[in-house]
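> Starting from the given sequences, assemble the full structure and let the hints guide the process.
The listed protein sequences derive, respectively, from chains S and P. Just add 873 to wherever you are in the first sequence, counting from 1, and you've got the working numbering. Just add 134 to wherever you are in the second sequence, counting from 1, and you've got the working numbering.
No lab work stands behind these hints: they were computed from the structure. Take the hints with a grain of salt, since some may be wrong.
[Claimed, not checked] Mimicking DSS-like on lysine-lysine, the simulated pairs with C-alpha atoms at most 30 Å apart in a straight line are:
| no. | chain 1 | residue 1 | chain 2 | residue 2 |
| --- | --- | --- | --- | --- |
| 1 | S | K1031 | P | K263 |
| 2 | S | K1031 | S | K875 |
| 3 | P | K400 | P | K313 |
| 4 | P | K164 | P | K313 |
| 5 | P | K400 | S | K919 |
| 6 | S | K1159 | S | K1188 |
[Claimed, not checked] Cβ pair distances, simulated, as ranges:
| no. | chain 1 | residue 1 | chain 2 | residue 2 | range |
| --- | --- | --- | --- | --- | --- |
| 7 | P | F397 | S | Q1011 | 35 to 43 Å |
| 8 | P | A463 | S | P1063 | 29 to 37 Å |
| 9 | P | G266 | S | P1013 | 32 to 40 Å |
| 10 | S | S1139 | P | Q136 | 20 to 28 Å |
| 11 | P | Q316 | S | Q1011 | 32 to 40 Å |
| 12 | P | A463 | S | Q1000 | 36 to 44 Å |
| 13 | P | T325 | S | D920 | 45 to 53 Å |
| 14 | P | E238 | S | K1195 | 37 to 45 Å |
| 15 | S | L906 | P | A221 | 46 to 54 Å |
| 16 | S | Q1000 | P | A167 | 49 to 57 Å |
| 17 | S | S1103 | P | A461 | 38 to 46 Å |
[As the list claims (entries may be wrong)] Just a few of them, taken from the derived set where beta-carbon distance is under 10 Å, the chain S residues facing chain P:
| no. | residue |
| --- | --- |
| 18 | R895 |
| 19 | L933 |
| 20 | L935 |
| 21 | G937 |
| 22 | G941 |
| 23 | A942 |
| 24 | P964 |
| 25 | H974 |
| 26 | P984 |
| 27 | L1035 |
| 28 | N1039 |
| 29 | S1139 |
Here a beta-carbon is modelled for each residue, glycine too, at the ideal position from N, C-alpha and C.
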Amino acid sequence: MKISFAEGLAKAIYESLAADPRVLLIGSGFMGLNNAARAMLDPALKDFSERVFVTPISELALAGAGTGAAIAGQRPVVDLSTGSFVFQAFPQVVNEAANIHYMSGGQTEVPVTFYALAGIRGSGAAQHSHRPQAMLGQAPGLQILLPGGADDAYYLMKWSLLESRNPTVFISHALLFEETAEIGPDFPMPPVGRARIRREGRDVSIIANSITVPRALTAAGVLARDHGVSAEVVDLRSIVPLDRATVLQSVARTGHAVIADECHRSFGVAAEIAAILAEDGLASLKAPVRRVAVPDVPIPYSPPLETELTVTAEKIVAAALKVLGR
Amino acid sequence: MQIVDPAQRVAAMLRIRRFEEQCIQLARAKRFAGHYHVYIGQEATAVAACAELGPDDFVFTTWRNHGHLLARGAAPGRMMAEILGKAGGYAGGRSGTLHLAVRELGIPATSALVGGSLPLATGAALACKRRGSGITVSFFGDAALEEGASYEAMIIAAVWRIPILFVCENNSIPPELRKRGQFTSSTLPTTRLADVPESLRIPTEVVDGADAGALADCFHRLVGEMRRDGGPRFLEVRCTRWPGSFPLWPELPCGEWQVAWAFDQKPDRPDLAVWLEQSDPLVLHIRALAAAGILDQRRIEEIDARVRAEIADAVRFALDSPFPAAAEAYRHVWATGEPIS
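If you want it as structure tokens, here you go:
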């Protein structure tokens, strides 16, 4: 069956609530400012209202309460709303949830999910456009899921709510809500921690995640149509765990790598992938890698300013041509 | 730990005091390196609270956690081994004193961040409400109320009406007694800390942390109310800081505490003598029991000898325990048991 990204989220939340009475919704936004997507969540909020907790705007304590409920045997998902608001909750996410299993010497498990709609979403300006995933990647103990398609919006959310045994940050993206994919028995999910090859190619590997996945696929289409270039698109799906092997194998086949990521350029996800290729993939590379990432400036409000900084299909095409020497 | 007679209460309080004294001496002997906080002078609070708790209840504590764990029944040897960073500790040397936790005793995670544990405790109380059994006791110091996390946690507890007992052990140093170079104290614009939760319509009480009898009555009543009616509740326990906890690193003024100080002798240092007379829950409780003819000095000395032997065994266990192998640094990052990244 074909579903949208937003439908995938709503379906995963509904099915998880139905499957396990320990699943709790702390906060119930999930869909941001999108009214059509919000309506998709209504059945879950209605049918499981006793497990939906109305919340004050207290991100710090909500993240902590989700963590505390998880260590006490529940499986909560905490809606932190916008990705930038992860910072309001940061101490509880990175300094409590991430550390508890380790600090307890393995006594205590923390199956909590923190959900946020992160990214450059259109006039969010500097305080509502953050992609906190690279910063969170510096907190060992946190799983970080980054669905780049509707299939993974569904599968990864369901896995996090029903199966994960560790604290998880689920990074959603408002501009992915209309993306569609097939799910069902004919479309098995790769295990969490395994990247997907979204499109196979011979000439260049485009390593993408979250919102840059559909843009990389668009870029690959343009490269094939207009430039005769066969581009492979690797969707990381999660950055913790990170599927280094699939990245290295893809680049071993193509010999060229473009990394498309919506974090800031410095110290971002793309920087980590570039480091992996430099350490373990240098022999495969026929040219230096290129990062297509967001310049190191705060995100401005005005559309042309925002667009200037955004990772677009056009920028990915240009980077691919550059690494190929065209 | 259930308390059924006065001798048990004295033993439970003494066990904490003797443990902490050994902790200070092991630190001074450089058997462990990290900073640490002792519970001397506050023993009656943990003992009274934990006496009311059962296996379904959760306890959340702070960096000053040794007393709460001992009162809940943790093994002093495994605690001390953890403090020394040894393999025999509860976390195999990963937590040290700061994050001591014993999941099987309902102490699943200990945050050493000021105010950090209140949100966690709130979540555990939500779990208690969901499953229809148990309450959560959240211990913290006065400085926790300087952190926004505490205010947010109390809002959530009040909105969700969950069974959580916030216990603020207020051992702040009065401004006129503060000196440079001491360990820090809170700087709050109110001296009645129960004012803060009262503004959120959380029922509050204030009790004397030196009065073991009053604390026992108070926790018995509050825990009973919460088991019947839910929560939250807030209790401010007014403690007077033990002179040994004024310095940046704890010290034993005049050596180990002596049973005779509760009877006919007193220490040389005037500040300690005043504290024992007015604020030591152990001295005051023993005197009350002696005055009522319940326990005499000889009986207290016997209890103390047993406790000292138990703590000596714990120290020996900790010293004898090996340090963890270096490869242990990589274990327990993930609950799945294997590296996933």
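> For every hint, state whether the structure bears it out.
Evaluation of the provided hints:
With a C-alpha separation of about 25 Å, the suggested pair K1031 of chain S and K263 of chain P falls inside the 30 Å cut-off, and the hint holds. The straight-line distance between the Cα atoms of K1031 of chain S and K875 of chain S is roughly 17 Å, inside the 30 Å bound, and the hint therefore holds. For the hint linking K400 of chain P to K313 of chain P, the alpha-carbon distance of about 26 Å falls within 30 Å, and the restraint holds. Of the supplied pair hints, the one linking K164 of chain P and K313 of chain P holds, its CA atoms being roughly 26 Å apart against a limit of 30 Å.
For the suggested pair K400 of chain P and K919 of chain S, the alpha carbons sit about 68 Å apart, so the restraint of at most 30 Å is broken. For the proposed pair K1159 of chain S and K1188 of chain S, the alpha carbon gap of about 21 Å is at most 30 Å, so the pair holds. Distance hint for F397 of chain P and Q1011 of chain S: a CB-CB separation of about 57 Å, inconsistent with the stated range 35 to 43 Å. Look at A463 of chain P against P1063 of chain S: about 30 Å separates their beta carbons, and that is inside 29 to 37 Å.
Under the hint 32 to 40 Å, the C-beta atoms of G266 of chain P and P1013 of chain S, about 36 Å apart, fit the expected range. Distance hint check: the CB atoms of S1139 of chain S and Q136 of chain P are about 58 Å apart, inconsistent with the given range 20 to 28 Å. Evaluation of the 32 to 40 Å hint for Q316 of chain P and Q1011 of chain S yields a pass: the beta carbon distance comes to about 34 Å. For the pair A463 of chain P and Q1000 of chain S, the beta carbons lie near 38 Å from each other, so the given range of 36 to 44 Å is met.
In this structure the hint that T325 of chain P and D920 of chain S lie 45 to 53 Å apart at CB holds, the actual value being about 50 Å. Separated by about 59 Å at the C-beta atoms, E238 of chain P and K1195 of chain S break the suggested range of 37 to 45 Å. A hinted range of 46 to 54 Å holds for the C-beta pair L906 of chain S and A221 of chain P, which are about 53 Å apart. For the hinted restraint 49 to 57 Å between Q1000 of chain S and A167 of chain P, the CB-CB distance of approximately 41 Å leaves it violated.
Checked against the given bound of 38 to 46 Å, the beta carbons of S1103 of chain S and A461 of chain P, roughly 45 Å apart, stay inside it. At its closest, the beta carbon of R895 of chain S sits 8 Å from a beta carbon of chain P; the interface hint therefore holds under the 10 Å criterion. Among the interface hints, the one on L933 of chain S holds; its C-beta lies about 5 Å from the nearest C-beta in chain P, closer than the 10 Å criterion. Because the beta carbon of L935 of chain S sits about 7 Å from the nearest beta carbon in chain P, less than 10 Å, this interface hint is met.
Of the supplied interface hints, the one on G937 of chain S holds, with its beta-carbon coming within about 2 Å of a beta-carbon of chain P, less than 10 Å. Restraint check, G941 of chain S versus chain P: the minimum CB separation of about 2 Å is within 10 Å; hint holds. Proximity of A942 of chain S to chain P holds as hinted, the smallest CB-CB distance being about 4 Å (cut-off 10 Å). Because the closest C-beta pair between P964 of chain S and chain P is about 6 Å apart, less than 10 Å, the hint holds.
At its closest, the beta carbon of H974 of chain S sits 6 Å from a beta carbon of chain P; the interface hint therefore holds under the 10 Å criterion. At its closest, the beta carbon of P984 of chain S sits 8 Å from a beta carbon of chain P; the interface hint therefore holds under the 10 Å criterion. With a least beta-carbon distance of about 15 Å to chain P, the hint placing L1035 of chain S at the interface is violated under the 10 Å criterion. Checking N1039 of chain S against chain P by beta carbon gives a least distance of about 5 Å; that is within 10 Å, so the hint holds.
The restraint placing S1139 of chain S at the interface with chain P is violated, with a minimum CB-CB distance near 21 Å, outside the 10 Å limit.
Hint violations for this structure: numbers 5, 7, 10, 14, 16, 27 and 29, all remaining hints satisfied.
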